[in-house]
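First residue of the sequence shown? That's 14 in my numbering, and the numbers climb one at a time after it.
Worth double-checking, as some hints may not be accurate.
[What the hints assert, rightly or not] Simulated DEER-style distance windows between Cβ atoms: (1) I43 - S78: 37 to 45 Å; (2) A86 - E22: 31 to 39 Å; (3) S33 - K88: 34 to 42 Å; (4) K88 - L35: 35 to 43 Å; (5) S33 - A84: 34 to 42 Å.
[Stated by the list, open to error] Straight-line alpha carbon distances no greater than 30 Å define the calculated DSS-like cross-link-like pairs of lysine-lysine that follow: (6) K88 - K71; (7) K41 - K71; (8) K67 - K41; (9) K88 - K67.
No lab work stands behind these hints: they were computed from the structure. Treat the numbers as computed from the prediction; the structure is a model and nothing was measured. Heads up, the beta-carbon is just placed ideally off N, CA and C, and yes, glycines get one too.
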Amino acid sequence: YSLGIVAYEMIAGRLPFISSTLTGLLVKQISDTPPPLRTIDETIPASVEAVVAKCLAKNPEARYSTAGEFAEAYK
Numbered sequence: 014y015s016l017g018i019v020a021y022e023m024i025a026g027r028l029p030f031i032s033s034t035l036t037g038l039l040v041k042q043i044s045d046t047p048p049p050l051r052t053i054d055e056t057i058p059a060s061v062e063a064v065v066a067k068c069l070a071k072n073p074e075a076r077y078s079t080a081g082e083f084a085e086a087y088k
């Protein structure tokens, strides 16, 4: 999940969840889905958007299990 946050910020130039308060930020991380990367920059490949979205899945079982899986998906 943390890798997804960092990747999202590196690609989009902003964090996936934005709030003026810590409580608001935590609520967004728990309940919201981040804006798709392509809504921020339409030149981002759909494949990259899908990899980052999988990293940010709410259910840990839906995320990549290993860094190797992430690296393979990102190729």
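Quiz item: For which of the previously enumerated hints does the structure constitute a violation, in increasing order of number?
Solution: 1 and 2
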